[in-house]
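Enquirer: Take a look at the letters that make up each chain.
Number of protein chains: 2
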Amino acid sequence: MSVLVVGSLALDTIETPFGSTKDAVGGSAVFISAAASYFFSPVRIVGIVGGDFPKHALSFLEERNVDLEGLEVIESGKTFRWSGRYHYDLNERDSLSTELNVFEKFDPKIPEKYRKSRWVCLGNIDPTLQRKVLDQIDKPRAVICDTMNYWIERKNKELKQTLKQIDILVLNDSEARLLSREPNLVKAGRVIRSMGPSVVIIKKGEHGALLLTENTVFSAPAYPMENIFDPTGAGDTFAGGFVGWLARTDDLAEENLKRAVIYGSTLASFCVEKFGVEGLKGLTYLQIQDRVRGFRELTRFEED
Amino acid sequence: MSVLVVGSLALDTIETPFGSTKDAVGGSAVFISAAASYFFSPVRIVGIVGGDFPKHALSFLEERNVDLEGLEVIESGKTFRWSGRYHYDLNERDSLSTELNVFEKFDPKIPEKYRKSRWVCLGNIDPTLQRKVLDQIDKPRAVICDTMNYWIERKNKELKQTLKQIDILVLNDSEARLLSREPNLVKAGRVIRSMGPSVVIIKKGEHGALLLTENTVFSAPAYPMENIFDPTGAGDTFAGGFVGWLARTDDLAEENLKRAVIYGSTLASFCVEKFGVEGLKGLTYLQIQDRVRGFRELTRFEED
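If you're matching them up, the sequences are chains A and B in order.
Quick note on this note's numbering: the first sequence kicks off at -1 and runs consecutively.
Quick note on this note's numbering: the second sequence kicks off at -1 and runs consecutively.
Among these hints, one or two may not hold up.
Intra- or inter-copy, both count: the list cannot distinguish identical chains.
Unchecked claim - In silico BS3-like pairs for lysine-lysine, Cα to Cα no more than 30 Å straight-line:
id, residue 1, residue 2
1, Lys185, Lys272
2, Lys256, Lys20
3, Lys153, Lys130
4, Lys130, Lys272
5, Lys256, Lys185
If you're looking for bench data, these hints aren't it; they were derived computationally from the structure.
On a predicted model such as this, the values are computed, not experimentally measured, just so you know.
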């Protein structure tokens, strides 16, 4: 039993209406594995960084029992950098710059001992690389995959190839509309399910998430945060909490998928309270359970 | 016990990606009263129409037991007309034209027998007129009020005067941000509550609605419709179902406000399935209850 995470490790420079930060530790693999680690261990990472990736970030992941054997460190190179600025209501952001650096040459090699990973979570990377990862894995129980508009538009054919090997696709509402060419999200989910994944999760930012399976539509609210500090990584954190919960329970039944969505949403709500991965440090299981209970109260009504 | 509705009666020309319609019966007072009539009678309307307002629309309201004594008919005048075009995903629309016609001179006069109305629902009209209505009413149990960006921007002072006399304000998310000057919706709700209304309901279209009171945040999902035909009137229908349920139960406790939000959302989900008010015709109580149960299933998850 194990969780394999493949994705980016990055240094993010972020401006929000509440402040700014330079070279904060981020990247999909970092958020996913940190979140998943609250429910399951070990989580294994495959990714690439330069010699400038801070030691404290590696220590943080190691303390969370994340296995870094699959992390390639190019001492002479520079880590992937992204910078962006969020709009007033935090629902939109502009990318200001992207420096791929060592990530440009990322060619995921899955260590021998990772090849029997039961749960695979593919962060938002080139769909060709995602498929390359899957080719090296021995019959996983489930593959959870993220993507984005860039790949939908520029590598559509490759993405569709990858989708055939995916069990659960996680994407946001505008990406779902773009991929399916269908404005209605329930129909979009059905179109995307016909491309391969049996389960589609549509993230809607401050409006929560929809889980769409063959028989069910489940609507998870977003936690009503008063202090959203930095939305960066919220989607990856969602995916990490989701896959971590599935791995912990080893259960893909619909009822448990719903719970996994709530655990993913819960971790994401902690993530956005601070810059970068700071919000994912030192959470207790009690804190997490308290917030899950909050999610329940948020939508509960008594029939009369 | 009675419900008084004051608002517009209109003829709407609408284009959606699925078709178009000319001079469909609409207007806030029509949607609100038709929806409320499923839970309570009599519902009383105060509004104004021209001689061109179709008789079948009046018959429809009368069949729903809506009291039309307060409806002013200017035989020589023309009814308020609006036309608009919805975008691809139905979340946005452009107003193409607005002809106020008889509505320009609307000066609501509340018939003597309406003055003791226990529940008052003020559709989205000039806040000065809204206050004029309230001045003619004798201690209602609750006043529910809608507004829009136009009044927030152009009659801000008058709107704030009106808000002091309101119990429950219903508005959409962009209006809530505009009125409160606060991007975070939970905080926006608190700011608006400090302006007068003890309860604020923020409608989020396809993402549902938030109910904000002193102690509670309640998140109602939108029903996952595959066939949204025409969103016109959904917000008014929501308000109508909401006030109708409150009147039926005569109960303003938080638990019942949550139920009222679900009943409002339920009626709105029927409304958007057809053009104009067609979706609000001939519903059975069983159909409504079935969909309320659907709303419950949509967000229910079992803790493990």
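Enquirer: If a hint holds in the structure, say so; if it doesn't, say that too.
Expert: Structure-based check of all given hints:
1. In this assembly of identical chains, Lys185 and Lys272 lie within 30 Å of each other by CA distance solely across copies; the values are 18 Å between and 35 Å within a copy.
2. In the homo-oligomer, the alpha carbons of Lys256 and Lys20 never lie at most 30 Å apart, since the shortest distance is 36 Å inside one protomer and 43 Å across protomers.
3. When the C-alpha separation of Lys153 and Lys130 is checked against a cutoff of 30 Å, the pair qualifies only within one copy, where the shortest distance is 15 Å, while the shortest distance between copies is 60 Å.
4. Taking the closest pair of Cα atoms, Lys130 and Lys272 never come within 30 Å of each other, the shortest separation being 34 Å inside a single copy and 48 Å across copies.
5. In this assembly of identical chains, the alpha carbons of Lys256 and Lys185 lie at most 30 Å apart whether taken from the same copy (19 Å) or from different copies (28 Å).
Hints 2 and 4, counting from the list given before, are not met by this structure.
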